[in-house]
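Visitor: Here are the chains, one letter per residue:
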Amino acid sequence: MKKAIKGIIFALIFCIMVEAISVALLPWEKVKKYGLYNTSAYEIVAEKDDSVDVIFLGDSLVYSSISPMEIWDGYGYTCYDCAQPAQIMPYAYDYLKVAIDSQHPKIVFIEANILFRDPQKLPLYKKIAYRIVNYIPIFKYHSNWKKYFTHDKNSWLNVNKGYIYITGIKASKKDPFNYMDVNDEVEVSILPENKECFDDMVSMCEENNIKLVLLAVPSQKSWSRSKYNMVKELANEKDIEFIDFNLDNDLEIDWATETKDKGNHLNYWGAKKVSDFLGEYMESTGLLEDHKNDPYYKSWHTAYSIYKEKLK
Amino acid sequence: MEELIEILEELQPDVDYETVDDLVDGRYLDSLTILSLISEIEDAFDVEIPTVEIIPANFNSAAKMWELITRLQEED
Amino acid sequence: MSFFNPVFAFAFIPFVVIIYNLFPKKLRAGVLLAISLLFFAFVSKWLIIYLLLSIISVYVTGISISKLEEKKKEALKTVEKEEKKSVKASYKRKEKFVLVLCIIFNVTFLFFFKYLNFFAVNANLLMDYFKIGHRITIVKHVAPIGISFYTLEALSYVLDIYYGKIEADKNILRVALYLAFFPQVLEGPIARYSDTAKSLYEGNKVTFESFNYGYQRILYGFAKKLIIADRLNIIVKSVFEDFNSYNGFTVFIGVAAYMIMLYMEFSGTIDIVIGIGEMFGVKVPENFRQPFFAKNVSDFWTRWHISLGLWFKDYIFYPVSLSKSMKNLTGKAKKKLGNHYGPLVSGSVALLAVWLLNGLWHGAGWHYIFFGLYHFFMILMGNIFDPSVAKVCEKLHIDRHKKGYRIFQSVKMTFWVFIGELFFRAPSLTVAFAMLRRMFDTFSFRVGELFTLGMDRKDYVVLMIGLVGIFIMGIVHEKGINVREEISKKKLVTRWAILYAFILVILIFGAYGQGYVPVDPIYADF
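Protein chains in written order, with numbering that gives the first Met the number 0: chain B, 0 to 311; chain H, 0 to 75; chain G, 0 to 525.
No wet-lab data here; the hints were simulated from the structure. Here a beta-carbon is modelled for each residue, glycine too, at the ideal position from N, C-alpha and C. Treat the hints with care, since some could be wrong.
Stated by the list, open to error - Computed, partial: chain H to chain G, Cβ under 8 Å:
hint : residue
1    : Val19
2    : Asp20
3    : Arg26
4    : Ile37
If we strip away everything but chain B, and leave its shape as in the complex, we get (with noise of 0.2 Å):
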């Protein structure tokens, strides 16, 4: 008995080393705002408020697809990939629920695959790592000790926003053109729980008077023709746009080279397409106007050039 008191005691201190570390590892001011969960598990509260334009909503495919910095550069823009891995409806509503908390985004776009994501088949595991790397996020954030030992003022600053670039390239054996059509084999749906989701999302939206947009990347794996057709149908029936790249939109892919894996997912010269696409889609609406000479936004240049500096 005694022993496993002691075994309690060295456990429940243990959690709160742990706790006081991770503090330490996020952007402090705003673990006392959004508290750690919240900042850890979201990372655009990070951002300044009131300084984000687009939202992109989605899975891998999104932080894949889309980088913010390249839309910045073009247009002087401000976007933010608010993705993550497997993400299914529910979480998305979460995450957009949590940005809209800081953040006035002019457009949210959501990429439309999570829509045919079973929220109750997500693996057992995979629940359970999502919940462990929010509550326990010294998982995600621990190199970020790195920033003690630098001089750099901006180490604290999120160059990417929310992209993962990749440049590994592992060249697709599909068939460039039938891909939609071979991948109907599968048969898929949106199914209710998504729908009222979604359903949410838009009334959201349009209380916040946000310009919602479905949006469909590149991807000879996720996406086919009757998920395109749903997806069509369902933009119809709510009168919103959608934006395909898989059909109606051809970025001139080339599956040999922008690609990380087979097909699935694109690489940094893929997702440099999307983003110059979507940038002049942007422009189109009207929408937005260019931050460029705007010195509230000034951390976004300072991005650009660390981003830049990767990319050699």
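The hints should help you fit chains H and G onto chain B, whose structure is shown.
Guide: Only chains H and G this time, still in chain B's reference frame:
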């Protein structure tokens, strides 16, 4: 016994065979040296050492080796 | 599947321990076996059949050999003295037949999974060369996990029974547990039946103390792997993937990094295995003993992957070198070459067999065979020149036991091992030689290039501190001090502070997550 120590000293002179009791475990004798040692012992004492007997416990000290030799001589 | 996985360390191990402890002592061995088999099935799916076949085959062989022994004893009672020899010989022949059958059975699986393709590819090359219009189709098979490890354990079990070192086990569960114990099945150590079987089957309760003690060893393994090996992996990957774009110094560092990474990864895994063993009160044999402090290549191999070296020594080296024909050879050679070099002839034949097999054991590839032959050559050279080196030292008044000379020996030895590991890691012999040439042709101290490999200055600092820490631990271990025992003698506050600091250092400075790529379990593929 003296003859055995002579053999040992010829093969690996750096060890005090009266006291050291971890010749194998302490890596004083490597496997090739042990091979030489076995052939020397077999010649000198007219015994045959079977593979089964080649375990560290039998070769860790001169005394242990002597025990093995006398045991094998008796068994013959 | 890697042990360095938070789910394995923080969830699976505690879960297993709790389940295990919940059962009464009698049933615990069964629980442990069930968990081990589930673990195997989880990793290798239906390939578990091959493990089960191995278990059954060695169990049956063991029983039949011991039955033959019994019959022999019965028979010896009734026959005259003159006939005894022939009776003994006839039973020995029968036992040998059963043994060889079992060995062939088990080795066939190993051959099928690991070597068939290699031989097929080379046979095709030969047939092409001689313009024989036939090709063997190459089919890729996924091997059951740990087949190289458990097969050697299985063979040692039947061989030990045959040699009379151990009794055949009548309980198949114990044999199964010995071969399938879940932490060991992945990367060894290749234990003997007499090492672990009995204590595995005892069903000792995992106490607070044994859990604590074992877990500390596991943490040490985690530190080696997460702080050092996974950082070095960045260097290793960059250099081996594209060595032609780096100068000789960087290539040199890359190969050295591989050598250290291999040690940290493999010995770290073994730390985890031994730690888990300690929890269950099982003494899994040590597999490493500060290998880089060795004084020559031969010594290195008694400190690195010890269990494999011992296996080859006991079941290949001595049986070959002490076989009848080899003994005759030794006799003849001694007359001509003298007492030192005479036995070396048969010894080197046996050594050649050992190192060819050692190379092949690591994988089917010419560079692995070269790796084996290289070590054969280095060890043989060491033995041939040792008397001359001793003489030279004596003349120059160098004391071979002084610290300075020992350090010189270790550095020299490390260099030879370094070359060996280059051939081990390089994808082919041609690449290995090209890297070696690159190292010497373009050598210049351009330290700056090290920072282009993907590690920043801070990573290098952490790496260096980590290496110094492991080095100091090595010296402490070499002196025979048990660090965990020393810690347990301290006051509670100190003890806890040390543990907290250790865990937090691993959590913060471990090279995991974004920006790092973990090393895959290297030895699990062998």
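Visitor: None of the hints should be skipped; say for each whether it holds.
Guide: We went through each hint and held it up to the structure:
no.: 1; hint: Val19; result: violated (14 Å)
no.: 2; hint: Asp20; result: violated (15 Å)
no.: 3; hint: Arg26; result: holds (6 Å)
no.: 4; hint: Ile37; result: holds (7 Å)
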